[in-house]
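Engineer: Residues per chain, in single letters:
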Amino acid sequence: MVFEVPVEKWASAVNTVTLGATAAEGGTRASTVTVGGSTTLPFLHFEGEIPNRPVIAMEVLDMEPQSWPETLSAPFDGVLNDPAAWAKKCVEEYGAEMICLRLLSAHPDSLNTGPEEAAAAVKKVLGAVGVPLIIWGCGQADKDNEIMPRASEAAAGENCLLGSAEQDNYKTITAACLADGHKLITAAPIDINIQKQVNILVTEMGLDAGRIVMFQATGGLGYGMEYAYSIMERTRLAALGGDKMLSMPLLAVVGPEAWKAKEAKTLEADAPQWGAEKERGVLWEAMTATCFLHGGTDILVMWHPKAVEMVRTTIDGLMKK
Amino acid sequence: MGTHIIVFYPEGKCAEAQAGETLLSVAHGLGVALDSACGGQGACGKCKVIPRLGKVDAEKSPLLSPDEEKEGYILACQARVTGDAVVEVPVESQRGRLQILVRGEHGLETGAPEGPLAERIELEMEAPTLKDNVDDLNRLTRAIKEQRAVEASPGITLPVLQALPKVLREAGWKVDALVGEMEGKTHIFGLQPASERKPVYGLAIDVGTTTVVVQLVDLETGALVGTAAGLNDQIAFGNDVISRIIASEEQSERAAALQEKILETINRLIEELITKHELEREQIICASCAGNTVMTQFLLGIEASALRREPYVPAARHFPGVEADEVGLTIHPRGPVRVSPAVSSYVGGDIVAGTLATGMDEVEAVQALIDLGTNGEVAIGNKDWLVCASCSAGPAFEGSGIKHGMYAGPGAIERVEYDALSDEIRCRTVGEAKPRGICGSGLVDTIACLLRAGLIDRAGRIDLGRPTRRTRVVDEEPGFVLLWGEEIGREEDIFLGENDIQNLIRSKAAVYAGLSILLKRVDMKASELEQILVAGAFGNYLDAENAVTIGMLPDLPLEKIRFVGNSSVAGARMALLSAEARKRTEHIAAKMTNFDLSAESDFMEAYVAGLFLPHTDTSLFPSVMEKCAERI
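Keeping their order, the protein sequence lines are chains D and B. For the first sequence, my numbering begins at 1 and goes up steadily by one. For the second sequence, my numbering begins at 1 and goes up steadily by one.
Just chain D, with the same shape it has in the complex (with noise of 0.2 Å):
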């Protein structure tokens, strides 16, 4: 006898977004990122199409990030207190195909800046990178609010991924979106009734459903990753199944997740079982990322370079046909 491999024939497909502007398309940035387009599960390249590679967003914090461990900190000895600089090391040194910046030092506990503090970091960013930027708020409802219509229109035109609406708080940063001519992160806490929700609601504001990417909450490696996980296949499902209110691309944000971990960052001599810090933090965030790229992924937000390379070698293999 022999053995068929099952093929199933999906409906639909994931839709494909288009991040950052060139010069021609009314931007400064020198290369573009587009995601989606699958037309099956991840990296089941006998089954149907998939396009474009899933892709790797490093981090960037407009304040220098408090009490990271050191093994996450020295591969970026120098430019932790600058941003620009930052993403140059990125970009130039570590590959990175995206920056994204996110704004921290504007929520209100911790330096509590104000939009145009905002607006200058973004700028800063676009001038020292040519590649597309995500620009992602503090986390705290009001002061986005405040920040990120600034921010937005500091880099009108050059279609940048903006995060993030949320069901409570989404009419803000769509109605930037929507004048700045960006597109738009749209955010759950890994429900995916709530995450077309969101989606339902963004859209019947006017912005185009092909101008959404998802984000479901991510939880790192042994800290709820497979709830994130299961709820990225069932979106991913959902796509193929032809359901267009959860056919957007999929985004994770595995660097602070991973990171969190007190297995990534726990020093050897505190705890020796566990082996060296030095490795143990870098393969927590890859690991993390590579679990979640079968689960669906389109767009990684990671933190260590190390992490980044390793997980770059495993998506080449992935995409290898």
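No lab work stands behind these hints: they were computed from the structure. Just so we're clear, the structure is a prediction, and the values are computed from it rather than from any experiment. A hint or two may mislead.
Below are the SDA-like pairs computed for lysine to any residue, each with C-alpha atoms no more than 20 Å apart in a straight line [to be verified]: (1) Lys171/D / Val225/B; (2) Lys321/D / Pro305/D; (3) Lys171/D / Glu498/B; (4) Lys276/B / Val225/B; (5) Lys171/D / Leu464/B; (6) Lys174/B / Arg197/B; (7) Lys171/D / Leu455/B.
Since the structure of chain D is already known, use the hints to place chain B on it.
Structural biologist: Positioned in the frame of chain D, the structure of chain B alone reads:
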């Protein structure tokens, strides 16, 4: 210290109260119609009063607005008696007289009696002779058997037997026997000379968590003679069944108090009927009750705490028939009282009675019954099978947990229309009275209107950017002004806040999820249902199209949605009048399969999917989406 006089007006009731007692407890002791949703926990803010003379020791409450504080409002449950006082119960705290679903039918017919729970049999016997010297009791039962197909010899109660020889002889062997059914057996519980004949009646009683309905039924014709309805006095112990069970656990005397309260409520309504129809208590010879399992256990004085604890087991599903005197109903003391059997802790005799009344257990077509009471239950089935579930919808449909919400009593806004062009609201209140608040059907209408006008998004959030004077932020909460204070002569506007909208969305999501999960269990689609029957406290006034628009009911052709009003009391009345119906209730209760949705993982997911207007899966509501598209 000691006792003090407390007067409540406008009712003008007064009582001696102990120092330290709360005003709420004094008010309820007196029967003052003062609202209280939380049972005196200081959590609901509904028992607002104003001390006008004298002094009380009141704690400040964050539930009172600064304006209210300035005017001297306090919460009665947080205020203790320290001296003589005169206390005003302002209009918004007065519990209205209810406009409850009293007729109970809407095409739910009950015909002429065929084997009522009790009846009067007119007998004429030959006097005994030396040749026919059978004993008096045998003579009586022989006469009964000639008239009725009674299987075994009817039993007799001792008091009747004690009087038997005298009554028979004095009445010249022409007597009326009161014969009742108890646990399938016939017994004689009364005997009167034929010359003293008076009509006899029975009662059908819906023992609801919020409201109680008592119907007076002519046992000879089956005609509905009169109806009385009122709030369940147990409300003083909390709005929902769980808080009442907790209250009953706190002190043993409270358990007794809960039984007392429900009996007081029913007996007060019986008294109302007796007075109105100029009856004697002994003319009401039987009663058929239906209520949820918790209410049933309270009514019969059965300890109830196991009902709220996993694995949620009721004391019984079939409750024994009892004599009226034994349970405490003030009708003929020996008259039989029957209680509708239950399915589970949270699907009770009211649903069984409702199923009976709708006749869904007798036909081929599969129908769904949704009972929107204080809890919310769903039953689906036909003559071959029945399934049911309780869906924890919460009391929002009864106006509870809504800032300006109220029961469907006089002044409750029950119907709302909004014209976006003129920004005008048209509404109708129960009894055409001055608007005091909004009830469930008004809430459904309002949310549907807001959605259609684009004033709220699909998540129920107010869009403050729309050109209307009616949206505004009050106490940091965006909302919609339904009626301006000056329009209705009160200081506060009637305002529907985002939190109220969220509450109703949660309730409607639970109802829809309950129905859809139950349908999924039997592998059916909503479109395969022949009919959806909606029963309950606002069934009469609910706008079917609006209920579909907000995603509470599935998107079916509107003619498939039928309101049946109070199906519980209709079922109780059928059981009162027909032996066949009583058998059917037992069958229904026995064959109905209960699904405990709290144990089903997909219920929660279906519920979250329902927390959207009309639903996260918009393809389930094509007609609603089509109308939205037309608008855009």
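Engineer: Look at each hint and say if it fits the structure.
Structural biologist: Results of checking the hints against the structure:
A threshold of 20 Å between alpha carbons decides the hint, and for Lys171/D with Val225/B the separation of about 59 Å lies outside it, so the pair is violated. Restraint check for Lys321/D and Pro305/D: the C-alpha separation of about 26 Å exceeds 20 Å, so the hint is violated. A threshold of 20 Å between alpha carbons decides the hint, and for Lys171/D with Glu498/B the separation of about 16 Å falls inside it, so the pair holds. As the CA atoms of Lys276/B and Val225/B are separated by approximately 11 Å, the hinted pair is consistent with the 20 Å bound.
Between the alpha carbons of Lys171/D and Leu464/B the distance comes to roughly 11 Å, so the proposed pair stays at or under 20 Å and holds. Note on Lys174/B and Arg197/B: the hinted pairing holds, with a Cα-Cα distance of about 11 Å set against a maximum of 20 Å. Proximity of Lys171/D to Leu455/B is assessed by CA-CA distance (about 14 Å); at most 20 Å being required, the pair is judged to hold.
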